[in-house]
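J.: Letter by letter, the chains look like this.
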Amino acid sequence: MKRGILQRAAAAPHVVWSALFIIAPLIFVLYYTFTGQDGSFSLDNITRLGKGNYLMIFVNSLCMALIATVICFVIAYPAAYIFSRMKKKSQKLCILLIMLPLWMNFLITTYSWMTILEDTGVINTLLGLVGLGPVHMINTPGAVITGMVFCFLPYMILPIYSVMAGIDPKLLEAAADLGCSPVQIFMKVVWPLSVGGVISGVTMVFVPSVSTFYISQKLGGGTFQLIGDTIESYFTGTAVNYHFGAALSLILMVLILISMAVMNRFGDDEQGGALI
Amino acid sequence: MEKNTVVRLSRICKSFGSENVLNNIDLEIKDDQFVTLLGPSGCGKTTTLRIIAGFETPDSGEVYFDGKVINDIPPYRRSVNTVFQKYALFPNLNVYENVAFGLRVKKASDREISEKVREMLRLVNLQGFEKRDVSTLSGGQQQRVAIARALIMQPRVLLLDEPLGALDLKLRKDMQIELKNIRKKTGISFVYVTHDQEEALSMSDTVVVMNDGVIQQIGAPIDIYNEPANAYVADFIGESNILDGVMERDLQVRFAGRSFECVDRGFMTDEPVDVVVRPEDVDVVAPEKGMLTGTVTEVTFMGVHYEVIVEIRGFKWMIQTTDYVSPGQFIGIFIEPDAIHVMKKSEYSDMFGDYSSYSNELDQLSENTEEEGRE
Ligand SMILES: Nc1ncnc2c1ncn2[C@@H]1O[C@H](COP(=O)(O)OP(=O)(O)OP(=O)(O)O)[C@@H](O)[C@H]1O
Ligand SMILES: [Mg+2]
Chain H
1 MKRGILQRAA AAPHVVWSAL FIIAPLIFVL YYTFTGQDGS FSLDNITRLG
51 KGNYLMIFVN SLCMALIATV ICFVIAYPAA YIFSRMKKKS QKLCILLIML
101 PLWMNFLITT YSWMTILEDT GVINTLLGLV GLGPVHMINT PGAVITGMVF
151 CFLPYMILPI YSVMAGIDPK LLEAAADLGC SPVQIFMKVV WPLSVGGVIS
201 GVTMVFVPSV STFYISQKLG GGTFQLIGDT IESYFTGTAV NYHFGAALSL
251 ILMVLILISM AVMNRFGDDE QGGALI
Chain X
1001 MEKNTVVRLS RICKSFGSEN VLNNIDLEIK DDQFVTLLGP SGCGKTTTLR
1051 IIAGFETPDS GEVYFDGKVI NDIPPYRRSV NTVFQKYALF PNLNVYENVA
1101 FGLRVKKASD REISEKVREM LRLVNLQGFE KRDVSTLSGG QQQRVAIARA
1151 LIMQPRVLLL DEPLGALDLK LRKDMQIELK NIRKKTGISF VYVTHDQEEA
1201 LSMSDTVVVM NDGVIQQIGA PIDIYNEPAN AYVADFIGES NILDGVMERD
1251 LQVRFAGRSF ECVDRGFMTD EPVDVVVRPE DVDVVAPEKG MLTGTVTEVT
1301 FMGVHYEVIV EIRGFKWMIQ TTDYVSPGQF IGIFIEPDAI HVMKKSEYSD
1351 MFGDYSSYSN ELDQLSENTE EEGRE
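First to last, the protein sequences are chains H and X.
So for the first sequence, my numbering puts the first residue at 1; every next one is plus one.
So for the second sequence, my numbering puts the first residue at 1001; every next one is plus one.
Simulated from the structure, these hints should not be mistaken for lab results.
Please note: incorrect hints may appear among the correct ones.
[To be verified] Just a few of them, taken from the derived set where beta-carbon distance is under 10 Å, the chain H residues facing chain X:
1) P101
2) G179
3) Q184
4) K188
Model, not experiment: these values are computed from the prediction.
Backbone N, C-alpha and C define an ideal beta-carbon position, used for all residues, glycine too.
Could you put together the complete structure from these sequences and hints?
T.: Spelled out as structure tokens, the structure:
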């Protein structure tokens, strides 16, 4: 079917928007990655990635993001399940509470975690009152992961909750009717029908976790570097180098795309009827 | 040969909050039997099924299976399966896997599963649909998948909650016949819920008429129709003229201002009773030959017959006749003794009058069916 001029015109703003804000930045990233300081084509930026401790930084970042994502999942999945089985009114209230932190700036959330975890912060003050501690928490990987979990948890809960709320309770009864114990109902019905939400949730937590820089700066205190910090330092720090920064972010992007592809493959298998 | 009782409900009561949904339900389901629960919306049919399946626990009373109390046995350990009102097929599984579901839970071998699934799909006439996504099936096909999925478990009793409610009339008729055949072939007892009286009468061995959480009558379709236990059943099943009467003595009842010979006995002398006369049992005759006489007020052509409203001594009778009479005509009516059914007075006695509000009643009826359709 041929589309009329009007229909094409209606799509124009979207096309312009995508060109400006999605395609153009990508082109810039590619351009900077494959050029040197003098503007001529070069692969130096890519080869430089192999030197130094950049590999370690990548591995570190991926590990921390992975841990944060797993913790988010472990908390979010049961929570979402419980929410989805509550009365409609309580469901709304709980979801509202979950969304509340999203209305605050992440920076503020992160700063408040600083004051909580500091050596002289809220927790250590409380521990001191009962004669314990102080426990050193700030500027450790644990603190950074805590920050990630706290900032991104809602992004895990919401998609899982929304698929779970959409599961017809009659299906659970049908499964019980056909001989499923409560555990089997979960394995054979609830999990396969909610795995789509899990995949969205994992993606929405993992991607920002792996590229975050302010959380690791504020709660990690510069004692170790994540990939987000490294990239940021090449764009704003003293050793500004757009070309190398672009190369780092390109690799990060490729890594994220690969992880997402793996995730989706896993999800397809799960939903395609190959049950446990 | 006396059949075994598989499921027995004994003095079951159930309430939700302050609402008494089931009141002292006593019911037996025997092997190889088609039992239908019939009653208006909200009378507790689904709740009764859910108690048998184990999704609800009764407040009091016992559920027996093969003579053992099973009140505390969870649904997944009962040899009873359900065909749900809206099918409740697993949307992530294809037809084959939906039907295979129960056997997979039981950890049956792949070979057994594939054999049985094929057998079931043949039984419900769905060969070749194995790979289809259930969401691409029509209502009738989904229905068959739901039936196959439950039957593959070879339950002693299959519970069906208005399984044909969502289908159009033609498909419904076909499926009624098919269900009856499936039941005969498998020998599994069916407990079938419907609020369609025709469906109940035509399909079942036993009909259970319920209202307000109370069983009004249990019996074979023909007995329910010919010998309704009270005015409620008489009114709910088919059309009926329900009149106040007095039993003068055995085999003689007085109503509409005169005495009639009848076939009922066993009442006290001069006991007040309800008298039921079915519209199709009334013959139109010339006024001078009539047992009663009256004026025709309305005539409706129904296809096979005319539905005639006749006013006799202030009571509007409904009569079904193949002879044409015209509104305003003065006619006589004749009733055979065995067309008169005498019932004891009940709490429902005064609730069902004559057909003076006939057209209104029709309107109400169609409203009800619309509501049911929307559910
Ligand atoms: N879980 C529940 N909580 C509260 N009330 C309920 C519940 N289930 C059923 N009821 C009430 O119990 C009554 C009987 O319900 P039930 O579903 O058994 O009726 P039904 O005979 O199946 O009606 P229908 O023909 O409309 O399906 C209704 O008034 C209904 O509102
Ligand atoms: Mg119901």
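J.: Of all the hints numbered above, which does this structure not satisfy? Sort the numbers upward.
T.: 1
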